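Listed in order, the protein sequences are those of chains A and B. Residue 220 is where the first sequence starts when you use this note's numbering, and the numbers rise one by one after that. Residue 3 is where the second sequence starts when you use this note's numbering, and the numbers rise one by one after that.
Hints may contain errors.
Unchecked claim - BS3-like cross-link-like pairs, simulated, lysine-lysine; straight-line CA separation at most 27 Å:
{"#": "1", "chain 1": "A", "residue 1": "K409", "chain 2": "B", "residue 2": "K35"}
{"#": "2", "chain 1": "B", "residue 1": "K148", "chain 2": "B", "residue 2": "K106"}
{"#": "3", "chain 1": "A", "residue 1": "K509", "chain 2": "B", "residue 2": "K35"}
{"#": "4", "chain 1": "B", "residue 1": "K148", "chain 2": "A", "residue 2": "K509"}
Keep in mind that the hints were calculated from the coordinates and are not lab data. Note that the structure is a prediction, hence the values are computed from the model and not measured.
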Amino acid sequence: MSELPPGIKLEKEDDKIMTLNVGPQHPGSGHMRIIVKIDGDYIVSCDPDPGYVHRGEEKMAEYRNYITNIPHLERPVIHDSCNILYPYCLGVEEILGLEVPERAKYIRVIASELNRCVYTLYWLAIYGIFLGHSTMFMWPTGDRELLIDLLEKLSGARVTHAYFIPGGVRNDMPANFEDVCIRQINYFEKRIKQYDSIFYSNPILKSRTIKTGVLAQQDAISLGATGSVLRASGVDFDVRKKEPYDVYDNLDFQSNTLKSGDSYARSKIPWLDMLESCRIIRNALEKIPKSGSVRVKLKPNPKAGNVETYKRVESGRGSLGMYIISNGKPEPYRVKISVGSFRNLICLPYLLKGEKLGNMPAVYWSLNYWPVEADR
Amino acid sequence: MGTASGIIKALNSGIKHIAIKRFTLRYPEEKLKFVGDGYQFDPVSGVGVAGLKGRHILFHDKCTGCQLCSIACEGIAEAISMVKVNEKWKQNKKSIMPQIDYGKCVFCGLCVDACPFYALYMTNDYELSSFSKEGLIYTPAQLQVKPNIEQDAEIKIDDRGATHG
Chain A
220 MSELPPGIKL EKEDDKIMTL NVGPQHPGSG HMRIIVKIDG DYIVSCDPDP
270 GYVHRGEEKM AEYRNYITNI PHLERPVIHD SCNILYPYCL GVEEILGLEV
320 PERAKYIRVI ASELNRCVYT LYWLAIYGIF LGHSTMFMWP TGDRELLIDL
370 LEKLSGARVT HAYFIPGGVR NDMPANFEDV CIRQINYFEK RIKQYDSIFY
420 SNPILKSRTI KTGVLAQQDA ISLGATGSVL RASGVDFDVR KKEPYDVYDN
470 LDFQSNTLKS GDSYARSKIP WLDMLESCRI IRNALEKIPK SGSVRVKLKP
520 NPKAGNVETY KRVESGRGSL GMYIISNGKP EPYRVKISVG SFRNLICLPY
570 LLKGEKLGNM PAVYWSLNYW PVEADR
Chain B
3 MGTASGIIKA LNSGIKHIAI KRFTLRYPEE KLKFVGDGYQ FDPVSGVGVA
53 GLKGRHILFH DKCTGCQLCS IACEGIAEAI SMVKVNEKWK QNKKSIMPQI
103 DYGKCVFCGL CVDACPFYAL YMTNDYELSS FSKEGLIYTP AQLQVKPNIE
153 QDAEIKIDDR GATHG
């Protein structure tokens with residue numbers, strides 16, 4: 220949507236316009252195809268074509284009971300698995316009428332914040348390498364290990380944790396986890412503050428991302444953007460603040476917004492969120508009850524009545540909701556997953572129009588899009 | 003001016019990293035140390051015990067052949083099948099025990115949650131690669147073996163950065 224340089228005019232679709240398929244196996248787009256029409260170096264129109272990695276998660280959920288749904292529902296975003304299981308667990312708890320112990324709520328918040336950082340670092344590494352900044356690929360990938368180590372101590376798996384369960388979490392925190400967590404989070408915070416000097420104040424990055432792919436505030440609202448994309452355009456909407464779930468209303472944090480709405484702002488919001496996550500984790504570790512149960516005992520095949528529920532949480536990519544309908548059987552009648560990735564993708568054709576083709580990765584990856592999650 | 007100061011700032015930040023220790027874990031010379039002996043579950047309290055979800059361990063003297071682990075795996079990976087064993091146990095009248103196909107297992111640990119007799123746990127053993135698909139199928143006799151592995155690398159943090167010491 221940015222202004223074209225003087226003397227350059229976008230022409231109508233004719234022989235001069237070339238169609239370019241970016242993806243679906245091209246590393247520049249992830250597992251999805253972007254059909255780009257270009258006039259010389261400028262993008263005339265773009266048509267994102269998701270669906271290459273559709274796995275039918277929603278249909279699969281109709282054939283499995285509420286517990287065996289857990290391992291496959293986390294597959295769309297394996298590196299943000301706690302956050303994608305969060306709305307499912309909240310919803311199932313509501314329809315089964317389970318009361319989650321206080322300690323489990325705090326552990327969930329800690330795990331989901333750690334996982335949000337793990338996701339954001341992975342995304343930041345990809346964003347860095349596609350802008351040609353290979354240091355920004357190495358550093359987040361290395362620092363991610365600190366948090367993966369914590370999650371592995373907590374849940375027993377490095378990536379696919381299957382840690383959340385309706386009624387709490389699978390196991391309690393191991394002994395002296397608090398100390399290790401505080402130590403590693405403090406070091407991690409020190410590390411990510413250095414990203415500012417090497418990446419965000421880097422003049423080359425700034426020249427490539429500032430004023431590219433500008434999404435105005437009103438456009439962001441009307442296109443239905445969410446998460447970091449929405450907050451980069453100046454709309455203060457964070458599900459953790461607006462509809463606090465579990466114990467987020469007891470915790471001290473703020474949601475970050477920037478006004479410019481360009482690729483630079485969209486890439487900076489997740490980084491600011493990571494600093495906020497460190498605060499949340501430290502705060503949660505202070506307030507967590509020192510002992511108590513972490514899980515409600517479930518029957519082997521729990522059943523709910525004819526009820527339905529919609530719960531949403533703030534994931535690494537924006538609001539992530541699950542709509543669960545039960546018809547009295549052990550399996551859910553319908554599980555609809557509403558993901559942030561898909562909603563942010565709708566903005567892409569508006570952002571890329573009139574941009575240079577070389578700026579496509581800068582705009583596309585700044586949308587915080589994860590193809591596998593959007594296809595479900 | 004902004005450009006020059008930005009480049010100097012970035013270079014300065016990079017140069018500081020020359021003095022920082024190497025964070026890379028030199029696997030397989032070093033192996034990460036894990037919490038406990040692997041993921042376990044207490045059916046009485048209904049809560050698990052934190053630990054790595056690695057290969058399973060099966061206690062033959064406790065397994066009753068009730069198939070609950072196999073039923074739990076049905077909708078997930080279908081990795082567990084019950085097979086006949088040539089052993090006579092008082093609690094296991096049918097003499098059947100779980101056999102796990104690690105080509106299918108997703109290491110979620112819900113079979114451990116399903117076992118009411120403390121017979122199936124998980125261990126810290128994660129090096130399960132094999133040259134054939136058949137080699138990934140662990141019989142009850144193989145699952146009985148306690149893994150013997152040395153894992154001692156931990157993340158250490160000091161003024162010069164984090165390292166796997």
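Hint by hint, here is what the structure shows:
1. Between the alpha carbons of A/K409 and B/K35 the distance comes to roughly 25 Å, so the proposed pair stays at or under 27 Å and holds.
2. For the given pair, B/K148 sits about 22 Å from B/K106 by alpha-carbon distance, which is consistent with the 27 Å threshold.
3. Under the criterion of a C-alpha separation no larger than 27 Å, the hint pairing A/K509 with B/K35 is consistent with the structure, at around 26 Å.
4. Restraint check for B/K148 and A/K509: not satisfied, since their Cα atoms lie roughly 34 Å apart, outside the 27 Å limit.
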